[in-house]
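Protein chains in written order, with this note's numbering: chain G, 114 to 483; chain S, 114 to 483.
No lab work stands behind these hints, which were simulated from the structure alone. Bear in mind that the values here come from a model prediction, so they are computed numbers and not experimental data. Check before you lean on any hint, since a few could be wrong.
Because identical chains share one entry, a pair is satisfied inside a single copy or across any pair of copies.
[Stated by the list, open to error] Calculated lysine to any residue pairs in the SDA-like style (CA-CA distance at most 25 angstroms, straight line):
| no. | residue 1 | residue 2 |
| --- | --- | --- |
| 1 | 387 | 365 |
| 2 | 242 | 164 |
| 3 | 299 | 210 |
Protein chains: 2
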Amino acid sequence: MKPPAPAPFLSACRREPAEYTPVWVMRQAGRYMPEYRAIRARLGFLELCKNPEAAAEVTLLPVERLGVDAAIIFADILLPVEPMGVGLEFAKGEGPLIHRPVRTAADLNRLADVDPGEATPFVFEAIRKVCAALKERVPLIGFAGAPFTLASYLIEGGPSREYLHTKRLMHDDPATWHALMERLVKVTVGYVNGQIAAGAQAVQLFDSWVGTLSPDDYRECVLPHSRATIDGLTPGVPVIHFGTGTAGLLELMREAGGDVIGLDWRVDLGAAWKRVGYDVAVQGNLDPGLLLARPAEIRRAVRAILQRAGGRPGHIFNLGHGVLPETPVDHVGAMVDMVHEISVGGGLRPPSDSSPPELRGPSPRSNDPS
Amino acid sequence: MKPPAPAPFLSACRREPAEYTPVWVMRQAGRYMPEYRAIRARLGFLELCKNPEAAAEVTLLPVERLGVDAAIIFADILLPVEPMGVGLEFAKGEGPLIHRPVRTAADLNRLADVDPGEATPFVFEAIRKVCAALKERVPLIGFAGAPFTLASYLIEGGPSREYLHTKRLMHDDPATWHALMERLVKVTVGYVNGQIAAGAQAVQLFDSWVGTLSPDDYRECVLPHSRATIDGLTPGVPVIHFGTGTAGLLELMREAGGDVIGLDWRVDLGAAWKRVGYDVAVQGNLDPGLLLARPAEIRRAVRAILQRAGGRPGHIFNLGHGVLPETPVDHVGAMVDMVHEISVGGGLRPPSDSSPPELRGPSPRSNDPS
Numbered sequence: 114m115k116p117p118a119p120a121p122f123l124s125a126c127r128r129e130p131a132e133y134t135p136v137w138v139m140r141q142a143g144r145y146m147p148e149y150r151a152i153r154a155r156l157g158f159l160e161l162c163k164n165p166e167a168a169a170e171v172t173l174l175p176v177e178r179l180g181v182d183a184a185i186i187f188a189d190i191l192l193p194v195e196p197m198g199v200g201l202e203f204a205k206g207e208g209p210l211i212h213r214p215v216r217t218a219a220d221l222n223r224l225a226d227v228d229p230g231e232a233t234p235f236v237f238e239a240i241r242k243v244c245a246a247l248k249e250r251v252p253l254i255g256f257a258g259a260p261f262t263l264a265s266y267l268i269e270g271g272p273s274r275e276y277l278h279t280k281r282l283m284h285d286d287p288a289t290w291h292a293l294m295e296r297l298v299k300v301t302v303g304y305v306n307g308q309i310a311a312g313a314q315a316v317q318l319f320d321s322w323v324g325t326l327s328p329d330d331y332r333e334c335v336l337p338h339s340r341a342t343i344d345g346l347t348p349g350v351p352v353i354h355f356g357t358g359t360a361g362l363l364e365l366m367r368e369a370g371g372d373v374i375g376l377d378w379r380v381d382l383g384a385a386w387k388r389v390g391y392d393v394a395v396q397g398n399l400d401p402g403l404l405l406a407r408p409a410e411i412r413r414a415v416r417a418i419l420q421r422a423g424g425r426p427g428h429i430f431n432l433g434h435g436v437l438p439e440t441p442v443d444h445v446g447a448m449v450d451m452v453h454e455i456s457v458g459g460g461l462r463p464p465s466d467s468s469p470p471e472l473r474g475p476s477p478r479s480n481d482p483s
Numbered sequence: 114m115k116p117p118a119p120a121p122f123l124s125a126c127r128r129e130p131a132e133y134t135p136v137w138v139m140r141q142a143g144r145y146m147p148e149y150r151a152i153r154a155r156l157g158f159l160e161l162c163k164n165p166e167a168a169a170e171v172t173l174l175p176v177e178r179l180g181v182d183a184a185i186i187f188a189d190i191l192l193p194v195e196p197m198g199v200g201l202e203f204a205k206g207e208g209p210l211i212h213r214p215v216r217t218a219a220d221l222n223r224l225a226d227v228d229p230g231e232a233t234p235f236v237f238e239a240i241r242k243v244c245a246a247l248k249e250r251v252p253l254i255g256f257a258g259a260p261f262t263l264a265s266y267l268i269e270g271g272p273s274r275e276y277l278h279t280k281r282l283m284h285d286d287p288a289t290w291h292a293l294m295e296r297l298v299k300v301t302v303g304y305v306n307g308q309i310a311a312g313a314q315a316v317q318l319f320d321s322w323v324g325t326l327s328p329d330d331y332r333e334c335v336l337p338h339s340r341a342t343i344d345g346l347t348p349g350v351p352v353i354h355f356g357t358g359t360a361g362l363l364e365l366m367r368e369a370g371g372d373v374i375g376l377d378w379r380v381d382l383g384a385a386w387k388r389v390g391y392d393v394a395v396q397g398n399l400d401p402g403l404l405l406a407r408p409a410e411i412r413r414a415v416r417a418i419l420q421r422a423g424g425r426p427g428h429i430f431n432l433g434h435g436v437l438p439e440t441p442v443d444h445v446g447a448m449v450d451m452v453h454e455i456s457v458g459g460g461l462r463p464p465s466d467s468s469p470p471e472l473r474g475p476s477p478r479s480n481d482p483s
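One chain only, chain G, in its complex shape (with noise of 0.2 angstroms):
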């Protein structure tokens, strides 16, 4: 008997040919999905994350009614530094709060010492019933906010347009800035190992917002802290290290570490893996406005990337930020299916030259059905 084959989302984090491309979503279990809509009618955000029972539902729905090749573990970033004593809040409509930001030396001394594996038993406990649910139907992803991103809502004290206060941290305090990075590195490292014990086959560092800095602030106040987090975890499970907004920061990003790289939909992504190297791989790029336009649409911008990766192992299809509340779901699983459908066999080669009317019309030598 010829043992399963690997999961396609495995096989390509770790640049190893795959049936198909696979494809998740990120906040693909999120509101625009009627289920998970109906859920937080009855529980709020933080109740809802608490709740082992309901979050293993909401990150099971997408697996069943999209055909992702992917889970990814319900929960929030902000978990984690929420035992620190900063008073958080989702506040309606306005995302994160954080009632004590944290940007002195005093405030930081202020914050309690957590111990990441006890602090969060219900996100583990909420991973090991999602993956007896799914019985290696497909892998699950665990993931964490990387040290920028967690550290710049402990300062701004929410969602930020300019980052300010954590740029003047960064700039005119840099002792309390690193110490608080070294923070994070230790909280974060401790929550993701956490589970992969209890689960998780694969991990993403989500440094979302770190795309506001200079290459020259990245690798001076955010590089080694990422680089410390990626070298803390535990051995042989992937990791996907993601940001927004990097198209100036990837080969820096990839220094940091990493065995998938985060592609936004703001950069060409055979431009992109080029520069990061062909020995990592990637993640992306599409953007998540155009999963509102019409199908046809959508499938000339998924068919557009998939030449763009080229059929070389190591592609994680995906969009380059979370879904829009505003999604339409059909689209979303029309998408999952187009992915699946032009690349199987190996996905499509890049055109001989890379001019726009040979991507935008159908290849000759592609196997896209349609």
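With chain G fixed as given, assemble chain S onto it according to the hints.
Okay, now just chain S, sitting in the frame of chain G:
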């Protein structure tokens, strides 16, 4: 008698050597400046834009106070589209609002036909006043929004985070999209050429929000229209082609045109200049957030950028985007002085390798007197 040396700003636009690296600041006449706030206490934003006397006064403020190497006319990118009848309002603290957004072919057909040479006489009058007052002390820059950024305001009805209406129109109704863009090209060309006729010696095209697009969408939906705009401008006047979040679009923006390509702070200036090619000049690229830091940190960042430019003729120093309202005026003035002082005599050569320690530490080959 020797003819007077050409202005360093214009020399840099033409990639000719200058005495020092010229510097100006986007929004250099703006809310961070107490003199500006005093004038705004008397006049609303649109009132100020439409008052040539006051607009000229505001335009001249930073030339007197900061010693910048260029003035930029005080105006707003939405002035030339206001007469199309979209219901423009500058609401307090909210930025511009468009009360009748353009989202369908019918909306487009309702737009009034505007002769841009007649619709904004106050801008041209302000330019004439500024030129008379400057007496060629420094050049005056005219400006306009690029068609995409103008379209995004008209379609969204104001500032946006995701640009979903804009993207939906681009993808689902390309005929209306391109027709709208063509209208905006026509208005913009007439408006900018009117500014040049009134005395502007260089012009900047602000595609401030184009960084929301994928390279494919830019190439197909924006590039031809930006190119048509630039191609329509009065020859011989340098054009600065500016955007933010464009680290993945730089080659395409360059393809669209411009003598100078604007770089925000999220890209390494040295790498970006190489990508767009040394046959164009570049402008940028200090993080506006850095001007809130201690002067020693500002100096370090100014020096790093000048070192990346490597003394190559054709670098105009600027922020990567507009100066923030929270910025201390003294820091802006100090930054202008630092640029002049560090770059005098041809600027810094790049380090022999691009390792960060050398960039960050004092360079033995530098002529920085600090």
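Hint by hint, here is what the structure shows:
1. 387 / 365: both (14 angstroms within a copy, 18 angstroms between copies)
2. 242 / 164: within (11 angstroms within a copy, 67 angstroms between copies)
3. 299 / 210: Within one copy only: 22 angstroms inside, 46 angstroms across.
Checked against the numbered hints given earlier, this structure breaks none of them.
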